[in-house]
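Trainee: Sequences are here, hints too, so could you generate the full structure?
For reference, the chains in residue letters:
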Amino acid sequence: MKKILLLGSGALKISQAGEFDYSGSQAIKAFKEEGIKTILINPNIATIQTSKELADKIYFLPVTSEFVERVIEKEKPDGIALSFGGQTALNCGIELYKKGVLKKNNVKVLGTPISSIILTEDRQKFSDHLHKIKVSTPRSQAVKSVAEGLKIAQEIGFPVMIRAGFSLGGQKSGVVKDKKEFEKVAEAALSFSPQILVEQYLHHYKEIEYEVVRDRYDNCVTICNMENFDPLGIHTGESIVVAPSQTLTNFEYHFLRKKSIEIVRSLGIVGECNVQFALNPSFAKATEGRPNPEATGVERKGEKIQNSRQAPSLEYYVIEVNARLSRSSALASKATGYPLAYVAAKLILGKPLTSIINEVTKVTQAAFEPALDYIVVKIPRWDMEKFRGAEETIGSSMKSVGEVMAVGRTFEETIQKAVRMLDIGVHGVIENKFIDKKDIWRHIKIPTPRRLFAVCQGIKKGFSIDKIYQETGIDRWFLYRLKNIVDAERELLSVGTIHELSLHKDKLLNLKKLGFSDRRIGEALGKTELEIRKLRDKWKLRPSVFSIDTLAGEFPAKTNYLYTTYWGNHHDVNPLKKDGLIVLGSGPYRIGSSVEFDWSCVNVAKSLKKYKKKSIIINCNPETVSTDYDMSDRLYFEELTFERVTDIYEFEKSSSIILSVGGQTPNNLSSRLDQYGVKILGTKASDIDYAENRNKFSDLLDRLKILQPVWRNFSDMKSALKFAEKVSYPVLIRPSYVLSGLAMNLCYDERELRSFMKRAIEINRRHPVTISKFITNAREVELDGVAQNGKLKVYAIANHIEHAGVHSGDATIVYPAERVRYFSGVAIVETAEKLAEALNINGPFNIQFMVKDNKVYVIELNIRASRTFPFISKATGVNFAEVTVDVFFNKAKDYKIEYPNYVVVKAPQFSFARLEGADPVLRVEMASTGEVACFGETAEEAYLKSLLSTGLSLKKKTALVTIGGDENKLHFAESIWKLKNLGFKLYATNHTHQFLKSKGVRTKLVSKVYEGKRPNVVDIIEQKKVSLVINLSVKGDGNMVAAERKTDGYLIRRATIDNNIALFTDLNSARLLVNALDKYKLDDLKIKSWEEFVHTS
Amino acid sequence: MQSKLILKDGSTFIGRSFGYEESKAGELVFATGMVGYPESLTDPSYEGQILVMTYPIIGNYGVPEKFFWESSRIHVAGLIVNQYIDTPSHFLSRKTLSTWLKKEKVPGLMVEDTRYLTQLLRDKGSQLAKIVFKKDVAFDDPNKRNLVTQAVTLRVTRLGKGSKTIVLIDCGVKENIRRSLLQRNVRLITVPWDFDIFSLNEKIDGVVISNGPGDPKMTGVTIETTKKILAKKIPLLGICLGNQILALAAGGDTYKLKFGHRGQNQPCIEQNTKRCYITTQNHGFAIGKIPKGFKPWFVNANDKTNEGIIHEKYPFMSVQFHPEAVPGPVDTEWIFDKFLDQISKVKKLII
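So the protein lines, in turn, are chains A and B.
Mapping of the first sequence onto the numbering used here: residues 1 to 1097, in sequence order.
Mapping of the second sequence onto the numbering used here: residues 1 to 351, in sequence order.
Keep in mind that the hints were calculated from the coordinates and are not lab data.
According to the in silico footprint, chain B covers these stretches of chain A (three or more CB under 8 Å from chain B):
hint, region
1, 247-253
2, 362-370
Using C-beta positions, here's what the derived DEER-type ranges look like:
hint, chain 1, residue 1, chain 2, residue 2, range
3, B, 73, A, 195, 55 to 63 Å
4, A, 103, B, 350, 52 to 60 Å
5, B, 233, A, 134, 34 to 42 Å
6, A, 195, B, 163, 53 to 61 Å
We put the beta carbon where it would ideally sit given N, CA and C, even for glycine.
Mentor: Written out as structure tokens, the structure reads:
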């Protein structure tokens, strides 16, 4: 084996996120150690795996069989690794195998045999396989009639679960307990959907997972088991998860462990595999007659077991098996310190487990099972407020966009850390954001991201633990632990004054042990966070620094993997002192803060070596590469809160902190850390504040004679309307100081402004609302730069394809900025120089401009590494993160980046399909979950590759065009001609149809939904008659006001997304797409590696 | 109530009691398993030892009926944990861990920093220690006594049906060794450690020497019995203490490990293969000198200590780990099958 092709996972999306950057990166490292070359295909430009230090050759191309086949033909690899790039890579591999590409090119599939992978992907066959090896799976069958369903239901035994088909998205599903109920619900469901699923109902079963590793010599170990806080019914990616399991006895733990090993062996897995179980929390409760191969001959009634000499039997079912690295395996890897992906990579090369050393301890073997002496809590991070109209409830499909992992010595300490890590403005599990008892109960009963807080609030209000258990199925064990926190808070509140508290050092320590933050304790006592901190200083109450060593202290391990706890009185490590430099990570991935900041963080940490500094990363996101064991000299899996960061800073006696490369979360700490006296490397906190404070920044721009859109703050409706009238609509409105929820909006008329203004004032009366003039049809341009002591050292300019008004995170971005005229380009650089100098910028920054009629306006300045940092670095070949570190040590040279002979286009990845109800339209607020970027000789080539990377598939040449507004129609007419000439069959709604008819283009007329005729436009989409939908709407159709009315536009967009059809809602990007299709056929798109485009320094 | 854990080297840990409040001395050891405290506490091999659990949260699923225990009582001299959970949640739980400890008169303490305590034992080796309430007690080295006498019952019992008759020499046997054998359909005669098995007047097809507490060299009578078994070429399986006894009887030697192996994640490599098994272990002593005629069977992948021996010619075998598991992984259950297979082969030869 000399050359391996590794498939990446592409853009980050809901259910497939940063964890595959981690697994791919580890695999590449493992291959490299064996002297094997890795060819990587991954269009996700923000990843760390697509760095020149890792893969030997990188192709920023779609992970689809067509492209991969061409890369195989060009590169002629010996083997292909499919298990490190999530479902995307696995599916692509199966396709390549089925097409015979692998055989033809003599490419060996490494690790688990492809036949096993295919088996695990086929529900029925896999279920049959498991039954053969005496493993139970829940019964489930699709039926087409009530009678047929009833027969199955009776076979399974009531209660059963009825699930309607996918298109209804969980509606019309439900649990039925008898024949009568079944008939009622099934009938209703079948009237909507041609078939329904009748499933065995595993009410409130525990959900348990095992991560298993196997080598080709049949050595098989389980690295970790995990228990879901939420019972079955909530996807494991949506659940709070603890590791190891807390409520399982030895028998349960090892019984399921054995089963997972049996499954893995039966499949011939080589590498890593994840097995998920449902476990009856009380098998005495199980109803008779259920198929359970383990239960033969055993009475399930509790009392009988006691008298019997026979070992008890468990009622369990396998829910899912992933024959690849997964989200859970990334979590398990971070939770245990065991480098699962690294080990899996070695195993697929055929190495025995016994030949691999434990990289964490360096003294013991990889062939073992980690023993934890701590508990890990994972909580998903949701961002549902960011999606208009999206359902808030959580359930069997994933909606969360990221996660955090906390480590501690008790559940109380750890879960309180975890909720703070979420960065959602809460400081502990007791947060009263509920209206009344009824509201609390509602949030306990219906699972949403707020359930944990509702449960705690319920406990506080005196709801019984048993009742909460009955409603939620959350094991009493967890509920009692939460109660312990609630009780402690109650006691704290009864203390009253700080004077009394100061008498009890033990009391404060006890609160810290239960995970209370200084701030929360202060709030309860009417004191500030710093006052509590002073008290801690006085009593020397500081958290201990413990290491994650994989074996509970049994051997002295050389690990740098750390966490803090108040359940200790020693430290496992000594401070690094002046040699150490803290780099703050990004925290959980969420809309707007994702893998790109991890790239910056990792690159900065690694570059510190050049200056003989030791990097200390603080981060709490298990999906990241920055939290890998070998990325930094020290890693704290910790909160990015002021309290914890300063605890670590003071313990380490570090020289300084870098907080400008982890996105907004660490950046937000700048002024507080500065005031506290922490030395911050980079731009001064007061200067950062200049850019963050709208008033100050606006004054600065005026002083520097830099243009900006007119804006003002308002607290009352009247003057707001007057202002809008004066500057003329549209205007951009943004409430200040609210949580991520309701943020920016474009208002096109008075009615909209009134409505948004009213909402904004309702949300927050104390803070004014900012309204600015919105310049229509302006071009948006971004400059990323790094300055040293106010002098610009390196910069790059890119422009958006979409007109201003689409959030920069959702925009299609082109480098170089080929649409910026020379004059504007000069003005942009001059502006950047002026601002860098005025704010004495020392480090990375990003400016967003609007350009219209050769006038350059500044919209925003961020004095930190931006989202586009890795994109720009890889597009230009200059690593901006490295330059940033050079700046910190005053050693940066001047870069002059030459205008390239290639184009790079970054395209957003949306996950609307996962978010039931959300309106998939581009707006001023960001909604994309990831991005890709591809290279090409022209923008069209690069764009087409990018689109194909985000799922565009044009198998059929049919398109639906619905174009609102005369302007759109005129601007898009030429493109429609082109589509027609390309042989596209076009469908159009009435106005568009008439318009095109007048221009001599024939389209097939389809009626709108409200017209009442069938088939209507939604039917056309649902029947998949079209493979492309271009829906250009008039102003404001995507606004909340409109979306609530479920316009035709909304219905078209939603149906398009739900049916997995390519959707374009922006004029400019739709035009570029058509141009690209006009210029290029699939085979014209060149297979060129990154190195063939860019000379990297 | 506050009390102290005092180590022989003078280190003192303040603890909060959740067990029986009586001062007790013993040998302080740590175990790294994450599940199975009821099984561990009732494992007779812990006789005389104060056990530190490295897993920080203990008591989660309460205490089940005696049926699930590994012997009829708690054998540890004391229990040390980080956090004790008094609100267990499990449908098989019949009482809290605290209630149980109190009932069985065993002290239990929550101490400040069990990780530090573990590191101390790891670096300095297992130590004598005492849990002290009001009244002080003297340090007491359990390894100086023959602990086996405290760990076992004195009755001969007969259980199960089958074509093979196995004698189990009980030096402090874990219930699951008995269960594992009975599941494999044998006629099982359990005898005390010092019982003369040849006085049974039975045709013995095989002998299993169980696990048990303390220094193997204190079990003189059992060693003598084993010598006779070897001489008579009766198939023999030694487990844990039984492994050490076999080594001593066959002319090998044993020694005390620095801090022992106690956990559920010990990797053991079967010699001359690439196979590695994850095993449950609980021992402070190990085989040093391999007896003549035997070869190493298993070796610990982490510290390379011997984990089992097998005779080159005769069906004598023994393992340092626990094939019966409980608590811990069940990967090496096949040892019982292998042993019984050997017996079948021998029986065939005789026929």
